[in-house]
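The listed protein sequences correspond, in order, to chains W and F. Residue 1 is where the first sequence starts when you use UniProt numbering, and the numbers rise one by one after that. Residue 1 is where the second sequence starts when you use UniProt numbering, and the numbers rise one by one after that.
I should point out that these hints are in silico values taken from the structure, not numbers from a laboratory. A couple of the hints might just be wrong.
Unchecked claim - With a straight-line Cα cutoff of 35 angstroms, these simulated DSBU-like cross-link-like pairs (lysine-lysine) come out:
| # | chain 1 | residue 1 | chain 2 | residue 2 |
| --- | --- | --- | --- | --- |
| 1 | W | Lys126 | F | Lys166 |
| 2 | F | Lys193 | F | Lys216 |
| 3 | F | Lys162 | W | Lys125 |
| 4 | F | Lys248 | W | Lys297 |
| 5 | F | Lys120 | F | Lys39 |
| 6 | F | Lys39 | F | Lys13 |
| 7 | F | Lys216 | F | Lys251 |
| 8 | F | Lys81 | W | Lys297 |
| 9 | W | Lys121 | F | Lys162 |
| 10 | F | Lys193 | F | Lys11 |
| 11 | W | Lys165 | F | Lys216 |
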Amino acid sequence: MNKPAEPNSFRTGPDEQGMFGIFGGRFVAETLMPLILELERHWNEARDDPEFRAELNALSTFYAGRPSKLYFAEGLTRHLREVSSAKGLGGGAKIYFKREDLNHTGSHKINNCLGQILLAKRMGKKRIIAETGAGQHGVASATVAARFGYPCVVYMGATDVERQKPNVFRMKLLGAEVRPVSAGHGTLKDAMNEALRDWVTNVEDTYYLIGTAAGPHPYPELVRDFQSVIGIEARAQILEQEGRLPDAIIAAVGGGSNAIGLFHPFLDDRGVKIIGIEAGGRGLDGIEHCASMNAGKPGVLHGNRTYLLQNADGQILDGHSISAGLDYPGVGPEHSWLRDSGRVDYVPILDNEALEAFQLTTRVEGIIPALESAHAIAHAMKLAPTMGKDQIVIVNLSGRGDKDVHTVAGMLGMEI
Amino acid sequence: MTTRIDRCMAKLKAEGRPALVTYFMSGDPDYDTALSIMKALPKAGSDIIEMGMPFSDPMADGPAIQAAGLRALKGGQTLVKTLEMARDFRAGDDETPIVLMGYYNPIYSHGVDRFLADAKASGIDGLIVVDLPPEMDEELCIPAVKAGINFIRLATPTTDDKRLPKVLQNTSGFVYYVSMTGITGSALADTAKVAPAVTRIKSHTDLPVCVGFGVKTAEQARVIGASADGVVVGTAIVNAVANVLGPKGEKTADPAEAVATLVSGLAQGVHSARLAPAE
Numbered sequence: 001m002n003k004p005a006e007p008n009s010f011r012t013g014p015d016e017q018g019m020f021g022i023f024g025g026r027f028v029a030e031t032l033m034p035l036i037l038e039l040e041r042h043w044n045e046a047r048d049d050p051e052f053r054a055e056l057n058a059l060s061t062f063y064a065g066r067p068s069k070l071y072f073a074e075g076l077t078r079h080l081r082e083v084s085s086a087k088g089l090g091g092g093a094k095i096y097f098k099r100e101d102l103n104h105t106g107s108h109k110i111n112n113c114l115g116q117i118l119l120a121k122r123m124g125k126k127r128i129i130a131e132t133g134a135g136q137h138g139v140a141s142a143t144v145a146a147r148f149g150y151p152c153v154v155y156m157g158a159t160d161v162e163r164q165k166p167n168v169f170r171m172k173l174l175g176a177e178v179r180p181v182s183a184g185h186g187t188l189k190d191a192m193n194e195a196l197r198d199w200v201t202n203v204e205d206t207y208y209l210i211g212t213a214a215g216p217h218p219y220p221e222l223v224r225d226f227q228s229v230i231g232i233e234a235r236a237q238i239l240e241q242e243g244r245l246p247d248a249i250i251a252a253v254g255g256g257s258n259a260i261g262l263f264h265p266f267l268d269d270r271g272v273k274i275i276g277i278e279a280g281g282r283g284l285d286g287i288e289h290c291a292s293m294n295a296g297k298p299g300v301l302h303g304n305r306t307y308l309l310q311n312a313d314g315q316i317l318d319g320h321s322i323s324a325g326l327d328y329p330g331v332g333p334e335h336s337w338l339r340d341s342g343r344v345d346y347v348p349i350l351d352n353e354a355l356e357a358f359q360l361t362t363r364v365e366g367i368i369p370a371l372e373s374a375h376a377i378a379h380a381m382k383l384a385p386t387m388g389k390d391q392i393v394i395v396n397l398s399g400r401g402d403k404d405v406h407t408v409a410g411m412l413g414m415e416i
Numbered sequence: 001m002t003t004r005i006d007r008c009m010a011k012l013k014a015e016g017r018p019a020l021v022t023y024f025m026s027g028d029p030d031y032d033t034a035l036s037i038m039k040a041l042p043k044a045g046s047d048i049i050e051m052g053m054p055f056s057d058p059m060a061d062g063p064a065i066q067a068a069g070l071r072a073l074k075g076g077q078t079l080v081k082t083l084e085m086a087r088d089f090r091a092g093d094d095e096t097p098i099v100l101m102g103y104y105n106p107i108y109s110h111g112v113d114r115f116l117a118d119a120k121a122s123g124i125d126g127l128i129v130v131d132l133p134p135e136m137d138e139e140l141c142i143p144a145v146k147a148g149i150n151f152i153r154l155a156t157p158t159t160d161d162k163r164l165p166k167v168l169q170n171t172s173g174f175v176y177y178v179s180m181t182g183i184t185g186s187a188l189a190d191t192a193k194v195a196p197a198v199t200r201i202k203s204h205t206d207l208p209v210c211v212g213f214g215v216k217t218a219e220q221a222r223v224i225g226a227s228a229d230g231v232v233v234g235t236a237i238v239n240a241v242a243n244v245l246g247p248k249g250e251k252t253a254d255p256a257e258a259v260a261t262l263v264s265g266l267a268q269g270v271h272s273a274r275l276a277p278a279e
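Isolated chain F, as found in the complex (with noise of 0.2 angstroms):
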């Protein structure tokens, strides 16, 4: 069974160049915002939407993904709404993945076959669930393979050799390989390190390797795109929304164009990553 991912990573393999993957917050500052930014992510050149359910103890998220779903949810944005919004993008879209990002417990509280059930129905292709590692495969991973929804998992540095294999096992779609131990939006490590380790991961899998945490800027973008599959970029989208909203949350320009206008720029640098091509 193929599904969206699959199909635009083996289109995006077939032109010779890896993927910008994006995520924003959704509901971020309100559900109307958040969806005109969803919808302006693949004009601007993304290839892949991330959409992060916002949870109110993000224990792997840095102060603006924080303050992102801190946001979203004064805003009023539920599990709910989120699969509502994704239906909404579905309508004018039917081609773009859409990999839903967040923590266990509100999918947990929805009810796992309810939610697989409702997120198929939404146009939901994968699921990134951060407090999910392969110890707890039963919970959610098995179900959403089954169900038709791959199943990404982080790898990190900590994942080593010996580990990669049970971290592989039931991954689908692509593996997302965080580039540093620490929490979203912090300073890129070394991108000399990314090469070798998206290496290391392929040396154990045929998935593709898409490689975040710390990409801020389309020259980043660029030199991670000239190894990786894939490039996500999620607490700079974040952060240009916040940066056009006032103290009290009032909108001092709009932040879908804002989300745009970096989204081309970082699309720019990826197209550009194999114009001397790294394979």
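Bound conformation, chain W alone (with noise of 0.2 angstroms):
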């Protein structure tokens, strides 16, 4: 792709179209137009509400447990330093993890699904879908429902179903009811599709909860706003624990909402390389991976246009990833502007990579990491050995991984 002038910053997008560049926009079915165009002008008046910062504030603090702590892997350090070592080397950057682990229901998805039923409170609706892919994102939005006393229906791919059986009993336990969607793969894309379906029919009452920071504008902007509390309290505590910023940080990105959280308000700290993690799967040479940027072309799909895979007629491809999470042919808009602008480098991780620093932190650090997470840890374990020991890499760890241990068992060939 072309590379863009690079502009004076980079925090400035959307316009008011909703695009960032190229991508983004609002690619919907003409019944939704009304619905989005409405829910911009409440998340406008939102933003710069005080009352509504105000009780959002108040439910991150004490509902969700925020500010995460920004933790100094010593265990993980060290373990690097020793590689770092035996390569002649001599280095090992110091690692920190954003502790999103933390939260209140196991990952970051929390911050956006608190701000967003308060949008949906403002708005009057009455009732709230949402989709998921590992389930992450559909426990946080039946929390948020059940809190505030909404139906809730997630919907979430049948393989997803299978993949992630302690999730699925989890919103059933906070009352939604998970509609599992056996089209195509049976993944977080079909998951989205038919969320897309149930709105586009029921849209007088309900309120759509997208997960990620994609979908038509305004979406990916105020996802990626809600998220954005990562990064800021991320850099403030980098700047209070070590007295400085770090030299890189690294996030995993499906639909890449913890990653924009956590980049974002580093965009125009031009001495922080910014890495983006997408999934290689099996590897980029066949078609058993997720990493739209790596080896996709711009599309439209789900409203926005951005890096997708897809075949040579324009048909999207299903993907593969190890992480339900990151098992989606797509990625949120502002990613792949960022990509195209050169501000962030985005390369794949393979499942096994994933799968090696799953084990590895869970081992020398006594956290297990959600998958997805586990992608953005593998990058560092590649990255930090090839930095000095006086520099610092702050990895998003963007959930825990308890959801994963059948998953992670089937792999290693354990029965649990």
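With the hints as a guide, bring the two chains together.
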């Protein structure tokens, strides 16, 4: 792709049409258009309303448990310094984890759900729908729906229902109805199609609580803003704990909400290298991966233009990842723009590399990371040994891995 | 510049009857069968043909059209083959308007300018692209109109009077009124609500208004045709094809004949719509 001229700031998007360069936009059926405009109106009022901000802050603090800690991962750092020494490099950057896994519901998803449920309340909606891949967003949606007394329907691919059973049960306990979607490969893409079909049918009373920084404008912007608390906190915390900004920050990218949340507040800190990790699955040479920005091309799906895995006819491919949360053939539009503008590097990590990071982190840190987050850690494991001991890397530990133990046991040939 | 759609609508207006607009999925279940279905449509009484372009992720379609699209893709259908099918049809019929209906990504992937040139050369008269609202007119609508292809917009129950002018602004050929909020193939909403909705849209435009979503029977076609300039039938036709396919996709009867039987009945309904003139 053509590289646009470097802007003065990387933090000004989207424009009034919801575009980040050529990406983003509002590619939806006419039935949904008035709703999306209504959402944008309410969002623009809410974002500057001190009362809205105060309510969200209170919930974030006392309900979700924010701020999440920025934790110096000493065990992993020590391990990677040994790796560095063994390679004769003698380095090994300090690794910090932004502990989104410690939030209520066990991932960063609660940040967005709290914001959007307050928007739904403000708009007078009576019913919540959501799509989910790994089930983390489904659980967070079911949680806020329970807390605010809304009925909630969660669409989830049938394959994901199978591989994320604990989360399916949690959603049901929370009172949500989980509707399995068997179209396609039965993953996040198919769940999102079905959620959009529900929305277009129940426009009057339903709020669609999108879980990632994708979809039609204003979703990519508002989800980013609700998730930016991650980066805002991390930036202040590293300044307090280390007295300086990090050298690199790393996050996994499926739709990309935890990543954009961490990245956005750092975008104009030009000295901070920013790396997004895509699901490399079983390798980029085949079709069993979800690396849309490394192996896809721009296209239009789910309301926005962005990098997509697609064939020569413009049909969307299903992709594959060990991690249900990364198993999506697209990515949020702002990431596509950041890719083309060169501000952020997007690199793939394979299933088995993520699995190794999952196990190592569990053993040397006593933290079981989500398989999504394990992709980000896996890249830190490659990068940190090549950096100096005085350098700093922040990895977004976007969620806890309890939900993945069945998948991992299966991969390791164990029974639980 | 008049198009086949304009001429067709003018002729039917002079005859005092509404148009029967029929949707089929190109390539379902395979190229040759779909072409035979397409050729059967005008003979059975269809005035305008909507050619479905299969897409892997049809977000506004119900289970029937989703399944039809997947059958077509499985049968090897592509955008290029859909245009080829239109050309094959045009070799024997230079009059019946063809409207392509589908989603934007295959068009965007093909390249907008190249697509419009190819579509024009294939005898395509109009486009309905579900995921391109007026806010995105620069993408395809305006280039299409410049290329002499009608861009037909959907108006829905959520399109209020304030928004209608924006929706109608670059629309040509006809306006497609979606009779309810929902996906294709859902149960027809209250037919009594259709006439006031058509009147409301007509107060904003001189374009013909065709009504669809949920029309399955000749009787429904007759009732809707009493107020609308055209009646669109899609899912019922796609189902007629599916009904003669066995579990492995094998044909248990001739799909073109099954479609022709259904469309003939619908045509009778539409033709009798104004025996007692509504206007």
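Verification of the supplied hints:
1. W:Lys126 - F:Lys166: Roughly 29 angstroms separates the two Cα atoms, so the pair holds.
2. F:Lys193 - F:Lys216: Answer holds: F:Lys193 to F:Lys216 is near 17 angstroms, not above 35 angstroms.
3. F:Lys162 - W:Lys125: holds (22 angstroms)
4. F:Lys248 - W:Lys297: Judged against 35 angstroms, a Cα distance of about 34 angstroms means the pair holds.
5. F:Lys120 - F:Lys39: The hint holds at about 19 angstroms.
6. F:Lys39 - F:Lys13: holds (24 angstroms)
7. F:Lys216 - F:Lys251: Roughly 23 angstroms separates the two Cα atoms, so the pair holds.
8. F:Lys81 - W:Lys297: Distance ~22 angstroms between F:Lys81 and W:Lys297 Cα, so the pair holds.
9. W:Lys121 - F:Lys162: holds (25 angstroms)
10. F:Lys193 - F:Lys11: holds (27 angstroms)
11. W:Lys165 - F:Lys216: violated (40 angstroms)
Of the numbered hints stated above, the single one contradicted by the structure is hint 11.
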